[in-house]
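S.K.: Here is what each chain is made of, one letter per residue.
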Amino acid sequence: MNVLTYWFHKLGSPPVFDRLARVLAPWCYGLALVLGAIALYGGLALAPADYQQGDAYRIIFIHVPAAWMSLFAYIFMAVNAFIALVWRIKLSEVLAMASAPTGAAFTFITLVTGSLWGKPMWGTWWTWDARLTSELVLLFLYLGVIGLYHAIEDRRQAARAAGFLALVGVVNLPIVHFSVNWWNTLHQGSTVRLLGPSKIDAAMLWPLLLMALATHLWFFGTLLARTRNGLLEIDGGKDWARSIVLASQPGAAGAATERSHV
Amino acid sequence: MTAGSTLIACRALVRRDLTLVWRRRGDALNPILFALIVVALFPLALGPEPEVLRRIAAGVIFVALLLAGLLALDTLFRSDYEDGSLEQLVLSPHPLALLLACKIAVHWFTTALPLIVAAPLLGELLHLADPVRPVLLAALLLATPLLSLIGAICVALTVGMHRSGMLLALLVLPLYVPVLIFGAGACNAAGNALPYAAPLLWLGAALVVALVVAPLACAAALRISLS
Amino acid sequence: MSDFLAMGGYGTYVWSSYAVFFIVLAIDALAPRAQRRRVLAELRGRLLRRRSRTLPTP
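Chains as they are written, first to last, in the numbering used here: chain H, 13 to 274; chain E, 350 to 576; chain G, 394 to 451.
Among the hints, erroneous ones may be present.
Only part of the chain H face toward chain E is listed, based on derived beta-carbon distances under 8 Å [said to hold, decoys possible]:
(1) V28
(2) I95
(3) R172
(4) F176
(5) S191
Stretch by stretch, here's where chain E covers chain H in the computed footprint (C-beta under 8 Å, at least three residues) [claimed, not checked]:
(6) 146-153
(7) 243-253
Calculated Cβ distances over 10 Å to all of chain H for the following chain E residues [stated by the list, open to error]:
(8) W371
(9) R372
(10) E400
(11) D423
It should be emphasised that the hints constitute simulated quantities derived from the structure, not laboratory data.
For glycine and all other residues, C-beta sits at the position ideal for the given N, C-alpha and C.
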């Protein structure tokens with residue numbers, strides 16, 4: 013067998029992935045914290061104030077990475093859902109569903125920070141701007157996927173149904189953006205652009221990109237943690253899962269169940 | 350026993366669905382009543398000035414019909430799922446997408462078409478401008494099948510659930526956004542004496558794509574939720 | 394230092410958006426831990442139930 017496909021199959025098996033994820037997750041979190049701290053220092057202390065927006069523009073260092081992540085997480089979810097539906101790979105089902113909550117969190121952050129930025133700049137918390145409206149629809153799509161996933165009893169069937177919805181949503185998303193853009197020009201709404209004429213100083217750019225890297229790492233950290241839980245849930249009866257369950261320290265909830273059996 | 354040709358199966362399915370609707374023809378009025386009540390609420394909330402109502406008329410009618418269609422969506426597969434005939438449909442040797450397309454067409458014919466017929470009446474209640482009326486009807490004729498097709502995918506995903514009403518709305522409404530924007534946008538453009546052909550053409554193009562793709566997607570979704 | 398906190402008069406907006414960012418992401422990272430505890434407790438319970446059923450009762 014080809015070496016590449018061999019590793020691919022090996023990685024796709026839940027016990028191997030679980031072991032790998034346990035090692036990788038702390039690294040993701042740690043690197044994200046370090047890089048995020050450097051980016052924050054660069055963005056909040058080193059970068060000069062904007063000549064038009066003063067210090068309010070510093071929201072950009074979290075707003076734009078969060079907006080990028082909201083799209084990245086959705087695409088990641090859709091790609092995994094596609095793999096799960098076509099090749100029926102268990103790991104992809106779990107990965108797709110594990111990325112949904114974090115994606116929704118980043119979308120929520122984007123909306124809130126955008127509105128906190130809009131208040132001093134536009135004088136209003138919310139404007140029916142094309143990008144804001146698309147982001148709101150994106151949040152609803154995330155909530156729909158999460159809602160459907162939790163409404164179905166069988167975990168694997170739930171993952172497949174919600175993954176299918178994610179795929180429908182990924183077709184819909186460009187159409188939403190296009191239609192909202194068209195609607196916005198029809199109503200001649202505020203065409204305010206947060207980034208000036210796209211000439212961004214290097215002192216502002218590197219903290220932004222570093223923060224984007226940090227949020228990606230954070231996303232993968234939570235993704236790995238959630239995926240481990242999801243695999244454990246699905247493979248509960250298998251040997252590798254049983255050994256993990258028996259090795260774990262019984263917490264408060266676990267102790268209660270144990271006592272009831274003694 | 351021979352399975353019969355696909356054409357015969359489709360015809361039988363259409364006849365069966367129409368018969369079922371005809372036996373419960375009282376229910377067919379419910380979406381119209383709902384739309385009428387929703388439209389009647391707006392003058393009560395905003396005041397009876399004809400100028401104000403004329404400006405929002407097309408959008409309100411569009412939203413009212415969209416919500417009425419959303420409420421009616423639940424009946425698409427509900428009774429078939431409960432009596433087991435939906436699983437027979439999935440197991441049949443004929444292409445499932447085609448059979449589902451027939452079901453969706455019948456559902457559109459019996460729920461959305463009456464709403465479109467009632468739309469001019471709703472327009473009168475809100476003092477809809479005369480030049481907007483044909484545009485509104487054209488937009489509704491293009492948009493409601495699109496809504497039915499998109500909605501059918503989401504209904505297929507939630508078919509096994511006991512109480513899916515609120516969840517169905519959460520799944521469907523984000524997908525309805527572009528249809529609403531183009532449909533109501535065409536009406537508003539017509540109201541402001543702007544060219545309105547482009548959004549209608551976009552709706553038509555989307556409808557053609559959806560006619561091909563949505564039944565296939567609906568069949569795939571149904572296979573997932575009945576597996 | 395107070396200059397830094399004031400953010401040129403935009404302090405409220407800047408710091409509250411950073412607070413939202415950190416709080417939401419912290420919750421997002423803590424949620425899987427709670428979930429893991431829950432999953433493990435449930436699986437442990439199931440395992441013990443099965444074991445007590447297979448072992449002969451004295």
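S.K.: Next step is simple, just say for each hint if it's right about the structure.
M.R.: The hints, checked one at a time:
1. V28: 27 Å, violated
2. I95: Violated, about 15 Å.
3. R172: Where the cut-off is 8 Å and the nearest Cβ of chain E is about 5 Å from R172(H), the hint holds.
4. F176: 6 Å, holds
5. S191: 4 Å, holds
6. 146-153: Answer holds; 3 residues pass the 8 Å Cβ test.
7. 243-253: violated (count 0)
8. W371: 33 Å, holds
9. R372: Given a closest Cβ separation of 31 Å, the condition holds.
10. E400: Given a closest Cβ separation of 19 Å, the condition holds.
11. D423: 15 Å, holds
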